[in-house]
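Enquirer: So you can see what is in the structure, the chains are spelled out below.
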Amino acid sequence: MDGGTFNAWRLTALTPLPAWALALLGVAALASIALAWRGLAGEPRRARKAALVALRALAALLALALLAEPALELLQTARVRNRFAVLVDASRSMAFPLEPGGPSRAAAAGAFLRDHRAELERLADRVDLEWYGFGGEVAPVDPAQAVRGLEPAAGRTDLLGALEAVTSGAGASSRRLAGALVVSDGADNAALADGLSGATRARLRALGVPVSAVAVGRSAPRDLAVERVAVDDFAFVRNTVTVEATLRARGLEAQDVRVVLRREGAVVAQATVRLEPGKERYSVPLSFAPDQTGTFVFTLAAPVLPGEAVTENNQRSFVLRVIRDRVRVLMVAGRPSWDVRFLRGLLKQDPNVDLVSFFILRTNADQPGPQEDLSLIPFPVGEIFGEQLRTFDAVLFVDFAYGPYRGLEIDRYLPNLRDYVRGGGALAMVGGEQSFGDGRYGQTPLAEVLPVAPLDGTSEAEGEFRPRLTAEGKRHPVTALAPGEGPNEAAWASLPPVTAVNLTRALPAGAGASVLLEAPAVSVGGRAAPLVAVREVGQGRTLAVATDATWRWGFLAAEGGQGNRAYLRFWNGALRWLVRDPSLGPLQVEPDAPSVEPGAPVGLTVTARGPDWGPAAGKKVSADLVSEDGRTVAHGEAVAGEDGTARIELVPPGPGAYRVVSRAEGVADPASAAVAVRGAGPEDADAAPRPELLQAVSEATGGAYSALPGGDLPDLALADPEVVEIGRRKAVPIWDRWWTLAGLAAVLTAEWVLRRRWGYW
Amino acid sequence: MPRPSRPTSRRRFLQGAAAAAVAAALPRGARALTPDAMLQIGHVQHGGNWNPRPTALRRLGWELGRRTSIEPAADAAPVRLDRPGLHRHPMLYLAGSGGLPPFSEAERAALRRHLMYGGFLLVDSADASDGAGFDAAVRRELAQVLPASPLQPVAREHVLHKTFYLLDRQGGRVLVKPWLEAQAIDGRLAVVYSQNDLGGAWARSELGDWEYPCTPGGEAQREAAFRAGVNLAMYALCTDYKDDAVHLPFILRRRS
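Order-wise, the sequence lines are chains V and P. Mapping of the first sequence onto our numbering: residues 1 to 761, in sequence order. Mapping of the second sequence onto our numbering: residues 1 to 256, in sequence order.
One chain only, chain V, in its complex shape (with noise of 0.2 Å):
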């Protein structure tokens, strides 16, 4: 057989016929041979009956080789070479020191490899050698850069994550891989980060690649660190909070440090830590109660000693959200009723509602019995009204009127009350026979205040009275019981109407008062009588329900199977909107998370409505980055879109603490935010090397480890190279050669003779 250049032949079969055709004949043949046996059975002589069927089998044989057309196919094959990859680290961690005031890691690992290029260039008769330099990515690198140490620049180590890349090609080959060689510092801050996990250890099997290593570094150097900062989300104000630093020490002797916690500059709470020889992680609970609301930065830090290796980590920022911790809320009731009743159901459910009630359950001309047989408590007008209500959130008065209270003298607390609207607080007036009107507020100075004027004398409406939404009611928080205009008044208009209507009459435009309902049906002055109206006073805010019917929009809703959500609704964006609830503020800025990594942008959503509550399209918006001294270190701005949205993107000047604040165009309060800048990324918070980790990921590669300083270079493991590629094919068919035809014609004739012979017809 000439097989030229060919170095590979198999056998094959080139009939046409298919599969189950050569059953059949193969199943024939055996039939054949199968009768031949049987014609013999009488023959005495074991010689003569075993030529015989041989020779029926010889010729089956054949007969069947004939048909398969059986034949040489001719391969030309080549031995592909594999790649081999030397992995360099490079890192932020390897400019730290390989060993406490020895050259970099980064140096270490380029003399390394200039002392062994030579070596590992041998390799080359068997793979073809591949540099690369890995972080986060990785990419091909010179050999002779590599060799001179590359620079330490890239923020994450992903060990992993580079080797599984260049095992899939990332050397744009499709060649296997037949080993990789890793030279790194181990300190991987990726999917390594905490050793090798069983999910870990499979992917690195997957790999099918022996991973040889040579760690860069052994002993950690000298460094203190916040290591960690467990903080909650949010914080409660005037609630303690505490925050749990975990502080790590490497190569320091016994001494205090002082941790400080600063919030914004000022330091709001301190530790001292002892630190202890041998003891590498300290944990330091620090607690604070914060005295306002709002989202601050807070910052960590721990001095910094003298021959540190890494000054950057030594203090950690966090957002903590300070929220208060439950509406203190003032009820006063001027008698018991249905609405006050629910009102105080729902109240009293909210577990972020600190509820203190007062109802007027009797009244001087009430004869009810001997005073000890009542529970009845005396009402503490003076010390509510007086010392205690700059610590209630909002005070609702329920058909309450202080007129028939003359004894308590509860008018002589009434300036307190609107100094307290003023100065921040919340009043909510309910209707009722004995509101607005009817208990002669207008003479009061709480008529200052109000968001309706009370009409003195006036008193209730009666009747069924369906509300309509004004302008201003059909995009303010507190009215919408549903999103969107169309749905939101058609929710207003499923629900039962109200029997009551207190006469109050809308005040002039221009005193900050907005009626967001109203009672067409009722005429006040001409003008459709308001039913809830909200006015923004000084620093607070007041709210007017001019019907001691809301319960209806609950309860009665209720049996029509609405439920209640619409009256849970109306009374909890009430509540929200008094308290200033800061997600129902005019202007929002969200930074898009609460801190970012070094030198990446800060991105902002500013969210602006109109003095009508309707997006603030078109309008300019701005935000600062204002840092922990006060100057202003970024300004952005921008236009809100359609949906009064506007996005800003500020460049923070470097780590620290910084307070974003948001104004726009018409809104009179700026909006805040705070975001932390990250003083130390992951590659730098810690600056110890981690050799075992490259050792353990050697051993579970099936490679060779070896360690700097000191180490050689390892006995470096491939993988079997064995791939062969097919280059070029033929096939020799067998069966056309002369001598097949003539062996079966020779048998053929051989059985006949024999069998004529021995007397078989």
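Derived from the structure by calculation, the hints contain no laboratory data. As the structure is a prediction and not an experimental result, all values here were calculated from the model. Here a beta-carbon is modelled for each residue, glycine too, at the ideal position from N, C-alpha and C. One or more hints might be untrue.
[Claimed, not checked] Listed next, with one range per pair, are the computed distances between beta-carbon atoms:
| hint | chain 1 | residue 1 | chain 2 | residue 2 | range |
| --- | --- | --- | --- | --- | --- |
| 1 | P | R188 | V | D233 | 31 to 41 Å |
| 2 | V | D232 | P | V246 | 26 to 36 Å |
| 3 | P | R113 | V | A271 | 52 to 62 Å |
Since chain V is already given, all that's left is putting chain P on it; use the hints.
Expert: Below, chain P alone, put in the same frame as chain V:
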């Protein structure tokens, strides 16, 4: 639309007379309220003898007006559980003497919804039955309406016994059980059941005579029945207001 003046009721007349006497001292005259703002009890009509004490609720209302700042309506409103308008009356009164036919599923569902959304039901047995008659029938129905909240005795220290009066004894025409029973929803008493015929103790004829004697406690037991009625109405309107922390020192002092 100013409110038209209401026809004068007996209660109004009496109050008007009192108001005239102290007109100078009061800042303004007493006013009528819109029906929704007043306490108008819904008197449940059922298939049995639903109104065994026809004058009882009017008398309770009169006492509520005389003793407390609750403004009661002149009379109770008859309601049927399966008819619209049940929710106009968050407080329902279900009385009876003798057995009553089972409620329909629609009636049960309506009562259940009423109670779940904040309604209050006072059940009053007039026939002094225990384990038979009205008692057996109403227990059967209550178990069907709120199956998850079985009737349980109301503890002596429950806020129901101090919503207005500090109560330490039970009232009623009879004293079948010296406690009340209740079904609670999320800690709120939704159904309160008295077997002691509170209505019998409240009932008073137009001539001013008590219709039934109270046994065994006599007039003190009748007064206790009124006080219980006041506390029940106060509970319906204020729920656990008297459990608020601000009241505790006063109440403890008074009871010591």
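Enquirer: Compare the structure with each hint and give your call.
Expert: Evaluation of the provided hints:
1. Checked against the hint of 31 to 41 Å, the pair P/R188 and V/D233 passes, with Cβ atoms roughly 34 Å apart.
2. A hinted range of 26 to 36 Å for the beta carbons of V/D232 and P/V246 is consistent with their spacing of about 31 Å.
3. The beta-carbon spacing between P/R113 and V/A271, approximately 58 Å, falls within the hinted interval of 52 to 62 Å.
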